Structures are given as C-alpha cells and as structure tokens.
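Asks: Whenever a hint applies, use it, and build me the whole structure from the sequences.
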Amino acid sequence: MNKIVQQNIAPAVTFSNIQDDRFKTVKISATMFLPLIKETVAANAILPMLLTRSCKEYPDATSLNRKLNNLYGADISGYSRKMGESIALTVSISAIDDRYTMNNEKLSGELVHLLCSMLFNPKVENGRFCDSDFAQEKRQLIDAIDAEFNEKRVYAANRCGEIMFENEAFGIRRYGSKEAVESLTASEAFTAWENMLSTARVELMMIGSCDSTEALQAFTRAFSNINRIPVSISTVTKKNVDKVKTVTEEMDVAQCKLFMGFRTGAAEPDDTMAMRLAVAILGGTPNSKLFLNVREKYSLCYYCGSRYDRIKGIVTVDSGVEKENIDKAKQEILNQLQLLKNGELTDFEIQSTKMSIANSFNSMSDTISGTEGWYLSQMMDSTLQSPAQATEAMNAVTKDEIIKAAQTIVLDTVYVLASK
Amino acid sequence: MSIQEITSQKAGDKYYKINHKSGLTIYVYPKAGYSSTYAIFGTKYGSINTTFKDEKGQLTTVPDGIAHYLEHKLFESEDGDAFLKYAKTGASANAYTSFDKTCYLFSCTERFKESMDILLDFVQSPYFTRETVAKEQGIIGQEIRMYDDAPSWRVLFNLLDKMYHNHPVKIDIAGTVESIAEITPEKLYTCYNGFYNLHNMALCVAGNTTVEEVLSIADEKLKDSPQQSMESFVVSEPDHVVSDYVEQKFAVAVPLFQLGFKETPTSQRMSVEKIAQSDILLFILASNSSPLYKELMDNELINGTFEYEHFEGPGYSSVFFGGESRNPKETAQHIRKAVDSLRQGGVSQADFETAKRAMYGDAISSLNRVDTIANMLIDFDFADREIFAYIDAIANTTIEQVNARLLEQLDSTKSTLSVILPLED
Chain A
2 MNKIVQQNIA
12 PAVTFSNIQD
22 DRFKTVKISA
32 TMFLPLIKET
42 VAANAILPML
52 LTRSCKEYPD
62 ATSLNRKLNN
72 LYGADISGYS
82 RKMGESIALT
92 VSISAIDDRY
102 TMNNEKLSGE
112 LVHLLCSMLF
122 NPKVENGRFC
132 DSDFAQEKRQ
142 LIDAIDAEFN
152 EKRVYAANRC
162 GEIMFENEAF
172 GIRRYGSKEA
182 VESLTASEAF
192 TAWENMLSTA
202 RVELMMIGSC
212 DSTEALQAFT
222 RAFSNINRIP
232 VSISTVTKKN
242 VDKVKTVTEE
252 MDVAQCKLFM
262 GFRTGAAEPD
272 DTMAMRLAVA
282 ILGGTPNSKL
292 FLNVREKYSL
302 CYYCGSRYDR
312 IKGIVTVDSG
322 VEKENIDKAK
332 QEILNQLQLL
342 KNGELTDFEI
352 QSTKMSIANS
362 FNSMSDTISG
372 TEGWYLSQMM
382 DSTLQSPAQA
392 TEAMNAVTKD
402 EIIKAAQTIV
412 LDTVYVLASK
Chain B
102 MSIQEITSQK
112 AGDKYYKINH
122 KSGLTIYVYP
132 KAGYSSTYAI
142 FGTKYGSINT
152 TFKDEKGQLT
162 TVPDGIAHYL
172 EHKLFESEDG
182 DAFLKYAKTG
192 ASANAYTSFD
202 KTCYLFSCTE
212 RFKESMDILL
222 DFVQSPYFTR
232 ETVAKEQGII
242 GQEIRMYDDA
252 PSWRVLFNLL
262 DKMYHNHPVK
272 IDIAGTVESI
282 AEITPEKLYT
292 CYNGFYNLHN
302 MALCVAGNTT
312 VEEVLSIADE
322 KLKDSPQQSM
332 ESFVVSEPDH
342 VVSDYVEQKF
352 AVAVPLFQLG
362 FKETPTSQRM
372 SVEKIAQSDI
382 LLFILASNSS
392 PLYKELMDNE
402 LINGTFEYEH
412 FEGPGYSSVF
422 FGGESRNPKE
432 TAQHIRKAVD
442 SLRQGGVSQA
452 DFETAKRAMY
462 GDAISSLNRV
472 DTIANMLIDF
482 DFADREIFAY
492 IDAIANTTIE
502 QVNARLLEQL
512 DSTKSTLSVI
522 LPLED
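Quick mapping for you: the protein sequence lines, in order, are chains A and B.
2 is the number of the first residue of the first sequence in our numbering; add one for each residue after it.
102 is the number of the first residue of the second sequence in our numbering; add one for each residue after it.
Everything hinted at is true.
Derived, one-sided and incomplete: chain A residues facing chain B with beta-carbon distance under 10 Å:
1. PHE24
2. ALA62
3. TYR73
4. ASP253
5. PHE292
6. SER300
7. GLU350
8. SER353
9. THR354
10. ASN360
27 Å max Cα-Cα, derived DSS-like pairs, lysine-lysine:
11. B:LYS189 with A:LYS342
12. A:LYS107 with A:LYS57
13. A:LYS298 with B:LYS189
14. B:LYS189 with A:LYS405
15. A:LYS139 with B:LYS430
16. A:LYS342 with A:LYS405
Calculated directly from the structure, the hints in this document are not laboratory data.
Keep in mind it's a predicted model, so treat the numbers as computed, not measured.
Ideal Cβ positions, reconstructed from N, Cα and C, are used throughout, including at glycine.
Replies: The structure is reproduced here in structure tokens:
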C-alpha cells in the first residue's frame, strides 16, 4: 500500500493523502465521528443524505446530479454507520482520474469544490434546511428503516442487537427509531449540521494520483472559519454476562434465522489480533469449525459464520435453518466454540487461517474502497498499521494466545426468528 | 495456439487473448503494481440450459437447478475438497451459477501457481457419488429457502415468470427443493460431459501476473478437449408477455416492484454497439438527472433504491426498472408514460451528451479492480464481445442510433409489473 501522508489541519481534523497512480479514479471523502446518543442519532443520520442531495450552488437534486453526470458520471455518496458507540457520517465524491477524460478536461479541482460546497454550503432557507428537501430525505430515511424488516437476516441481527444491548449505547440503531425520525424537524437537522462541523472528529481522505494541494487548502480554509470544540469518542465494553437472554419470535417466513451474540475479553485499544484469529478459526472461512461441521458435516444450513466487532469487543454467529433444526444448530455452534476453548485446534487450522487473513489484508491496497476502509477502521486506534505490519503482528500470535482469547467468549443472547 | 494483444489508448491498458491448444480461450490482463491476482474459470452453462442433446445425440431434459447443484459438487474431487486445498495457499475461493454460466474463482496475493493448479485440477475432475450428492440436498435446500424469504429475489422471478412463456430464464437458478431431489450422479455426469468441454469454457486472469506465467500452468494442467459444440434446445418465445401484472403478499414493510419491458429476442448475442446504445438510452430515461426520476421522487413514489438494468442473455433481452415503492402501480404508470413520450419526441442532444460522458466514465472506472476486470472478460467472451470495443462504442454512439434503439427496445405494450406487497393483518 502506498504511503499515507497525514496532516492535522484543525483541532481533531486530519487530512490524509494516499498517492496512487494505479487507479482509474480519484476519491475524496469526509467522515465525521460523533457519539452515538439516542436523542441525536436520527438528526445526525439524515445529514449525509441531506448534504448529498443539494447545495447552495446546485439547489436541487436534478441540477446537482446533472453537474455530476457531466463530470463523467462523478459519484457522490452520503451514508451513516455505527462504529462502536459512535456514528460515522460519510460524504464522498469520486470520478475518473484527469488522465482518462475524453478531451483532457481536469475534473479534480471541480470535485474538491463540489465536496466542499456540499459539506459547508448547504441549501439553507429561513435558518434551516430547505423544507421540501428535508421532507424528501425524511421520507426516504423512514423507508430505509422499514426496509430493514424486508431482509430477514438484517432484521434478526437488529433484533438480537436491541435485546443484547438494551441498556447500552450500542443498542441504538444507526438511523435511530422510526418515531424519532418521524418527529425530526428541518431546524433540528440544521442544528445537528452546525454541531457536526464544530464538534465531530473529522477524517478527510484523498486517494488517487491527483495533486492534493488544492483539496488540502480548501479544507483548511473551510475549517479555519469554524469554531472547533471536538467531542471525545469512546465505547464502553462489557466482558461478563449475568444471565443468557433467549428470545424467540414468530413470523411468516420459509427459513428460521438463528442469531447469537457473545461478549469477549478483548476490544480496541487492547491487542485484538488473537481474538480475530480465534473468531476466524471458529467461523470465518470455508475451513472454519462452523462451516465444516454445522454446514458440511450435518447439512443443517447454507451459511453459518462468526464475526468479531473489535471496537465493541463482541462476537456474533448467525445461520439460517429449518425449524426442527434450530436446537441442533445452536448446540453444534456452542459445541464447536467449546472445542476451541478446550484447545482442540490443529496447527493446520491456525496456519491456514493466518494465511487467509493475510491474503485479505494484503489485497486491501488493490482497491480504493479497501485502502480507505483499512485506514478508517483504525481511526480509533492509537497507531496506524499498514497491511504488512498487521500481517506481521498476526503471524506472531501463538496457539496459546488464541485459546486464551477464545476462553473469554461468553454467550449473552440467543435470538430466533421462527417460522409459524 | 495464438496470442492476441488487445490495447486501449483511452483506458491506458492492455490485455492478451490466447486460443490455447487444449481448446480453451484464455485471457490475461496484467495490472502493474497490484498485489493480488484474480482468476476465474467458467463454462457457458447455466440455469437456462435445461434441455440439450446429450453425448448420444438424444434430446434430454434435466431437473431445474442442476447447473447450480453441479457447481456445489464439483468442489469435491476423489482426492478431497477444493476448499481444503485452497486452505494451504491462503487464496480466497468461491463459485457462482447464473442464468447462462457457471464460474469458479479465487483471488490471492501469494502462491498463485499453487492456487491455479487447484482451480484447473478440480474443475477438470468431476467426482459424483450417491453419498456426496445426497449430502448436498440439505445445504442447497437451505440456500433455496433463504431465497424464498428474499423479497428482492421473489419480485424478479415472479416478473420473469409473467414475461416469458417458454424461455427457461423464468426458472429459478437454484431450482426448487422438489426439483433438486431428482438429481443423481448420472445426471450430473451428463451435464458435466456436455458443457464442461474446454471449447465451451474460458479462463480469465487479472492482476499481478504475466502471460508466460499463466500459460506455463495452462500447458501443464489443461487436458485437450475434443472439438464439440454444445447445442442447447432453442425454445420459441412469443413477442408478447404472459400477463402485465403479478403480485405476491410477503412479510415486508415496504412494497417492492420490478417493471420489465420485453424485447424481441435475436438468435445472436447483441453487439457492443447495441449494448452501448442501450446503456446511454436507459441513462437518459431514468438516471438521477432525468425528468422521470425527478417526477417519481417529487411524487414520493420511489426512494434511493430505485434502479434499472438491461437484462440480456442467450435468447432474451429485457429492461427492468425496480426498487421500493409505496405505490408500485402508479410508479409503473409514470414509467410507461415516460417511455411513450420519449418514443414520440426522441432524446434531446443535451441529455444524450451527458449520458454519453457518464457511461464513458463508468466504463473506465470499471477497470479499477482485478475482480471486476476478470468477471467482465468472461461475461464479454461468452457474449462474443470485447471490453475495449465497448468503450469505443460508447464514445462513437450517435443520437440517431439511440433513438432507433429506443423504438426497438422499449414498448409499453410488452411490459409486466411485478409487485411484492405487505401481508394483510
């Protein structure tokens, strides 16, 4: 991966540039991190949607999109996601690199200008976001919340999260509740935007072959006009479980969804590499314990895998099974975890999993999204690791460390979405 | 054996097409400075190839979903499971079956040769027994169940079922729990022997590799295939749709729709010129800067999930518009009306220029990733198309061609609306 060059341009605002001439495109993104709080999450979540819809210079969606389409189909995107107990709001723009335009047009300067317009100069009327724009985005946010019910795997994951993190900030959904969105006003969203610019931790990133001077200057100028009072971002982790929660709900579905949540003893900023390996050995590859047993040996399912959230320090396992096989699948998942805790893992399992993870680390630099994601996912960490450094650290993890990590995994919640 | 170098000034890239002596067509697209390599080995055989002449020249019909079942079972060879072999190289491997092809792939940053050996070996070594075939019933049964619960999948197959009378594109790719119960080792061998012939296949490699490296592995591993052209039975498909509306009630909170326009099929796959014209046309009609998109948004009929595509393959070509909508019928009415009025007035010069630039940018951007490139190479090969010719075709398309394409491609009298509605309490 090419070298990342970072500059602090305002309090808690970092501009990162990765010069890379292999790509046909250039991408500039701004990610704003804010604490995940029930009262503000809906107002924050709507911001990326509102900011990429229009701006003062292109005051409606059609004119903005026409401008982008004329820039060889430049792409803007605005989305929010949860990272630990923070909400990350991203607004980005990408387009083909100046070297590949049909008539040698230079697009990069326009991209910087457009992204800054969207972030810093939105369309404002009467001291708030334009009412009709706001209504459109609010409607679509409500659709997005409702649509999470459409996909049953997503729905089961959300339900399990609500139950497991009932009294924790992590239990807050990324868009907030439907009721919160419904009662949101354009004035509240505008206040949230002002608050975002002055308090969020901001990561600006430019990846591609274009000169970054113009972008750096534009962002520095924009932030110099803002009174920055950055908030601190943190995630509370819980390592113990008093009582396992089990919830079964019925629905008119063909396949039952089994979703299990576990607490663990490791979360950032601790060293999480041994836990990453333990969870991958359990259910992260086609040679993992869950895949080879729950799927291949017992033919219970098509998918059964485990995931580790290293910011919150939790593990989730999910599968889709027939109603009569729910218990069998659950028992086998717990059995495989127990075997891992008991130290029943071969050198081959460890070695092949290390190679598989190294492969995914080392592939990151070959895509713009991989490069961006690699660094953004580490923004909460104290030091930045390159893929090669991360691979080296992973290869140094011992069998004992993996077993010790696995032994801290404890079941917290079992959620079943059962067919009627 | 011949090696052809294919270059593009516009994209600043080049790749190689090799007609290998074994009968296989091989593409190598080196990407300087990339760490990873992506290889895909596929056959022009998918869910639509349900009726064909077998080795004895007999017309035979196989169970729905068998191509996909074969894909799962090919991973097992007499000497073990391919995933287990890949575990020793660190490669990330997968496979997929679509309407018209089955592909096996991996991506790696180390031990490329060992992973290539595994890929070329297992795809050329079928091993089906009663026991291994039976074991897969439960796994694929659950894969089918998963799709049964996916409203976006149901809305599409309900649409195809009501657009096509006879074409097997209307059959679900994985088949049904009942149809896969009829699959036997013998039937799998019949399909394998018919379609997994190197003359009917392609190997595409993109990323950190060279022609020499790929060819030395191919020379060692590829078994010569007898010259054989597979003849799939061609069904006759009427011009008109089966019906113009279909709905299903489902456990959803937001309704979904797909509106499909059927085009008269041709015996040959479409040229890059026609594909480019369609892409520009659909962009003019329904992109996020079109009047139609604005109208649908202003009337609160669609949201950000709205999308459209030209769905084209052997013996079928349609255009789909779809997404979530609180009022699918009204949405369809607006789209049909927009199609009708565009047919009357033709496209404007300004819209045409914008669309052309946007599609050009899209095509160039697609050459960023090694997985996208390798997948495009195999898609294009199976359709007798070439990637750089497609980029040139976008740049060379004229407004007259787009207007002509509009008249043949979009006709509201040959359209079907498929809708998924929430269950009534």
